[in-house]
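**Q** Listed below are the residues making up each chain.
Protein chains: 4
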Amino acid sequence: MDKVRVGIAGLGRLGKVHANNIANKIKNAELVAACSIVQDELDYAKKEFGVKSLYTDFHEMLKNPDIDAVAIVTTSSEHCWQIEAAMNAGKHVFSDKPLGVNLEECLQAKAAVDAHPELKFFLGFMRRFDPSYSYAKKKIDEGAIGKPYLVKATGIDPEATVEGSIRFAKNSGGIFLDMSVHDIDLMRWFLGADPKEVYATGCTFKHPEFAEAGDDETGVAMYKFDNGAIGTIHVGRTAPHGYHIETEIVGTEGTLRISPVPEKNLTMIYNEHGAVKECIENFQIRFDEAYRIEMEYFIDCVLNDEKPSVTVEDGVESTRIGFATTESWKTGGIVKI
Amino acid sequence: MDKVRVGIAGLGRLGKVHANNIANKIKNAELVAACSIVQDELDYAKKEFGVKSLYTDFHEMLKNPDIDAVAIVTTSSEHCWQIEAAMNAGKHVFSDKPLGVNLEECLQAKAAVDAHPELKFFLGFMRRFDPSYSYAKKKIDEGAIGKPYLVKATGIDPEATVEGSIRFAKNSGGIFLDMSVHDIDLMRWFLGADPKEVYATGCTFKHPEFAEAGDDETGVAMYKFDNGAIGTIHVGRTAPHGYHIETEIVGTEGTLRISPVPEKNLTMIYNEHGAVKECIENFQIRFDEAYRIEMEYFIDCVLNDEKPSVTVEDGVESTRIGFATTESWKTGGIVKI
Amino acid sequence: MDKVRVGIAGLGRLGKVHANNIANKIKNAELVAACSIVQDELDYAKKEFGVKSLYTDFHEMLKNPDIDAVAIVTTSSEHCWQIEAAMNAGKHVFSDKPLGVNLEECLQAKAAVDAHPELKFFLGFMRRFDPSYSYAKKKIDEGAIGKPYLVKATGIDPEATVEGSIRFAKNSGGIFLDMSVHDIDLMRWFLGADPKEVYATGCTFKHPEFAEAGDDETGVAMYKFDNGAIGTIHVGRTAPHGYHIETEIVGTEGTLRISPVPEKNLTMIYNEHGAVKECIENFQIRFDEAYRIEMEYFIDCVLNDEKPSVTVEDGVESTRIGFATTESWKTGGIVKI
Amino acid sequence: MDKVRVGIAGLGRLGKVHANNIANKIKNAELVAACSIVQDELDYAKKEFGVKSLYTDFHEMLKNPDIDAVAIVTTSSEHCWQIEAAMNAGKHVFSDKPLGVNLEECLQAKAAVDAHPELKFFLGFMRRFDPSYSYAKKKIDEGAIGKPYLVKATGIDPEATVEGSIRFAKNSGGIFLDMSVHDIDLMRWFLGADPKEVYATGCTFKHPEFAEAGDDETGVAMYKFDNGAIGTIHVGRTAPHGYHIETEIVGTEGTLRISPVPEKNLTMIYNEHGAVKECIENFQIRFDEAYRIEMEYFIDCVLNDEKPSVTVEDGVESTRIGFATTESWKTGGIVKI
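So the protein sequences, as listed, match chains U, A, L and W. Taken in order, the first sequence gives residues 364 to 700; the numbers are from my numbering. Taken in order, the second sequence gives residues 364 to 700; the numbers are from my numbering. Taken in order, the third sequence gives residues 364 to 700; the numbers are from my numbering. Taken in order, the fourth sequence gives residues 364 to 700; the numbers are from my numbering.
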């Protein structure tokens, strides 16, 4: 095999990004099939990427023998059964995060992955592949900050897109399930440990619609890890300056801080406001490169028969921790994980 | 009265700073007396500042009718009774923080202050007077970030002075009582609210001596406030880069971040390490100006008969919260305040 | 035509970058031929990109009717005649900068380009396509800084690669011809004007080998523009921190500064040196994206029959100005352009 | 002598700053006399600082035997004769910069200073005493950047105060004499060398009033130094963001950059504009500390009988260079110094 032939399921906002990467930016990949229940998305795949095999039924796509791997970029609630079905059909699987929307189905997906060690499974924790994040991990592995023992993670969506968040609030599963899974994964990745206890809370000061929907605008959580390390997460939905993803890793010999200013690029403007760094608008721009690099990595794993570094366990654990965090936020108590 | 005549008690590391400010940098103040149980400190006061009235007994100093105000910069455990004695002797009082080492004596000191509305009492939360912090408060009061609802406070002592911290660990009262009182005060000040619940923990990864002494090297705490706001505190003792005090205030319309880089000055050096901002070594340098400004402010309050903005209640509450935090850290549970 | 079939001439350090972009990263381009006098480079093209048509003679490659465009990434002294030959053979031309090594051949190349308005010619001033630079230009065009009237350009190669510069010093044509052509182009582009006079000088303080070779380690030049604007250029070869490209554009309503810290990525490390931003090592990393984007742009111009924004005149003028700058540096006098 | 008794001449904007420092902030100094031709200024000295000896005639003040030193903060054109008169009257002299308004009077003042080696003379190049600048000098002296060989100096007044500059344009002596003397002094100080040749120009794009008055809004100059080093100066009058003083010193082992962002304090605000550092409004705020420190230094020199590090030669040379720069700006040619 010198090219991996991919069928994509789901061509929404992020699906289009992945499809474009597969079709146009990764030399060892080919986009050969697309599946969606939305006709526009199939038309898009045909027109933009010349995809010929189009499906409205995921199972039908899996029957196509010319597909080596599937990229699952559907609604979160579809991920688990699609992973299982794809694995059972002998396809390598790239699944967007989160793994699933409850622990049970995650464990079922894990069982399917475990049952097929001959197939590659990759979960789209793309932040790990962002050049700044992967650089930070490399520095840590090289010992640049000694032993890491505290991670402070921040993830705030832009106020500019808050309308969508408000509409989605009733069905978001709560701010922690909706927003903190990347930060949870980063904490585990950087600390090399698992949280054993969480205390979480939330608040809503700007848009009462969140509270009215039983959700919150801002969430803060604190974790004790099994190796004695500590983590904090701050997620929010109303950053006026843009899309703010920031992570700090404190170690015995130094501290790494990633993106304290979510700068749009290397330009600074001095004007009547002062010295201004304009900020990144949204996740697509912030992680554009990471989305490409993670897919490239998945394709390389398939071609080189290597087990991906992001595993189904990472998906299970981040979901488990997300649910525990949500429980603490809802009950107000400490939750053991 | 056109000058306030001050007697100082305690001329240790910080006492010397205050004495110098009173004697040399504040035009409406005069350093007329000094009290210490350490002969060297009295000699220093005489030689450096020409102080003529020297005492080894605090009560004796209070009998001096030529003293308008006392500056208490003694060991924390002496603050409360000295405040009470000074108030009863008719002196205005500037006391270094913390107010006291347990809640009972704090309340007793408060009673003494309340009993003397004709006298000024000021507690040395100097960070409020640092130009960057007071500017941030002014911006918030002007509405620059809307309604503040989250404070993230960080305070880390330099690794360079860790030996002293280790020696003191057994008697520090724990990292939160020792280090977080300023951050607690800042949270209350910026949020205009009081915490009602705390969850705290700590860890020790670099210097096991802290854990051996029943203390910790790093502490992290999370607070729910009575108005729905949230706070987090991260204190530590081993910053390799210097003295790191950073505070972030998140509001509905913007975020203020104070000193993410504890830069020594406005110089950056480009060298083989990269683009480097050298960092501030210690609290004396970081808050040099704040110590002068807060004393100037106290003196002005005395001269202009104005009630200081930092009150004995601020001292009582920060101590109360410090103890609750410590209890959570020790017990592992949530503590109501 | 839905794909542009490209033959590349020269597969050295930068040639490999362009070849990889054409072969793997640009969907509407195909790398169909390669020409080099170095057998290893031809082998590389065959092995890495599967190029089948390999030539040691540029004229032979031009005879290939299956080539739509040529990318000229040969030694500077070969550019002009190759441009001319390619144009006359009916090929679109992408040429790396500089246009040529003397004004006469530049004008001859220009004549060839002018004689073939049906063919696209593009000169690789890739900085214009770097996201930060193109963003700055967009901001200026939108009026963000009013009327620009001063450009301060800096370009310093890393000390880490100084050995190569020293070896090349005798044949570099002098630091200004070797290093300032991008900065000259940026000044013209941002100011929308041409310099009419230059005053330049140089010095050598670290590596005497430069002076011994009749070259200099550092060059500084100042320009008066025909519209009254001003420009300064600082080029050098010995930045200990990495590859430092910085440009400032001052306008009547504000100033834009691009890349004052040539940061490697969004990570900052706090360690015993202070708060450190590690810096970019070399031009390949700094302008990796720009090289891809400029080639994409050239391909799009060919496909959409649009005249590229970088023109042969830009090449002629930057060369003319580079020579004038060199003359001033050598003679010590003011040189009219 | 344990206190230096100072008489001040001139209590304008900057005179008030110096008077306040002498009267209230420097323990070994006393403000005992004031001289001004403006009655309001004398009233101010009396009321604010309790100065009892008030003069409208400088010579009368010099007759006062209770004055040890005079601080000359009058109009530039008065400096030289007042220095001479004060020296001849046996007073130590602190003179504000510039030394004088033409070279002849500067040399005459120098002769007076040279004739009185028993008296201290200090010229107010306060930037050298700013903590960031003095830190940079110390780093250079310690070898942190190796041998310095290029200084790039920038000084831009805020647009907010441009009205005053416009009114003054006709009598400013031109932008270089008016604005570049500090930058000239910094170049000489950091490089430890003297410029031997200058090429300068100016432009006016925002406020035509400057050009109409025969002055310019922006000036750029380039210097060749006698040791082979190079300097550039950019001065301007219309920075929308505030008061922008920035200096870069390039050396063989590293580069120091002072104040690339003229930040008001350590606070950053994230709001709808991006990540914003508000900037310093004016020179009084920027150099507030430097004004105090330089006066403290002068007083210490008097008390400790030490020759000040800023000399009358520094004043003569900076004036000489300022005139040469002005000549180049006016004639358009290279001027030998």
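Careful, some of the hints might be misleading.
As the list claims (entries may be wrong) - Restricting the straight-line Cα-Cα distance to at most 30 Å, the calculated cross-link-like pairs of lysine-lysine (DSS-like) are:
hint, chain 1, residue 1, chain 2, residue 2
1, U, Lys388, L, Lys693
2, W, Lys510, L, Lys693
3, L, Lys366, U, Lys379
4, W, Lys460, W, Lys415
5, U, Lys500, A, Lys627
6, A, Lys366, W, Lys409
7, U, Lys415, L, Lys627
8, A, Lys426, A, Lys415
9, A, Lys379, W, Lys388
10, A, Lys390, W, Lys510
11, L, Lys627, U, Lys390
12, U, Lys693, A, Lys699
Just so you know, these hints were derived from the structure itself, not from any lab.
**Q** A separate judgement is required for each hint: does it hold in the structure or not?
**A** A quick look at each hint next to the structure:
The straight-line distance between the Cα atoms of Lys388 (chain U) and Lys693 (chain L) is roughly 48 Å, outside the 30 Å bound, and the hint therefore fails. For the hint pairing Lys510 (chain W) with Lys693 (chain L), the CA-to-CA distance comes to about 24 Å; that is within 30 Å, so the pair holds. Between the alpha carbons of Lys366 (chain L) and Lys379 (chain U) the distance comes to roughly 22 Å, so the proposed pair stays at or under 30 Å and holds. Taking the CA atoms of Lys460 (chain W) and Lys415 (chain W), the gap is near 27 Å; set against the 30 Å cutoff, the hint holds.
Restraint check: the Cα-Cα separation between Lys500 (chain U) and Lys627 (chain A) comes to about 28 Å, which is no more than 30 Å; the hinted pair holds. With a CA separation close to 18 Å, the supplied pair Lys366 (chain A) and Lys409 (chain W) stays within the 30 Å bound. Pair hint Lys415 (chain U) plus Lys627 (chain L) does not hold up; C-alpha atoms about 41 Å apart against a cutoff of 30 Å. Distance check on the hinted pair: Lys426 (chain A) and Lys415 (chain A) sit about 15 Å apart at the alpha-carbon level, within 30 Å; holds.
At most 30 Å may separate the alpha-carbon atoms for a hinted pair to count; Lys379 (chain A) and Lys388 (chain W) meet this at roughly 17 Å. Restraint check: the Cα-Cα separation between Lys390 (chain A) and Lys510 (chain W) comes to about 44 Å, which exceeds 30 Å; the hinted pair is violated. As the CA atoms of Lys627 (chain L) and Lys390 (chain U) are separated by approximately 26 Å, the hinted pair is consistent with the 30 Å bound. Between Lys693 (chain U) and Lys699 (chain A), the direct Cα distance comes to roughly 18 Å. Compliance with the 30 Å bound is thereby established for this hinted pair.
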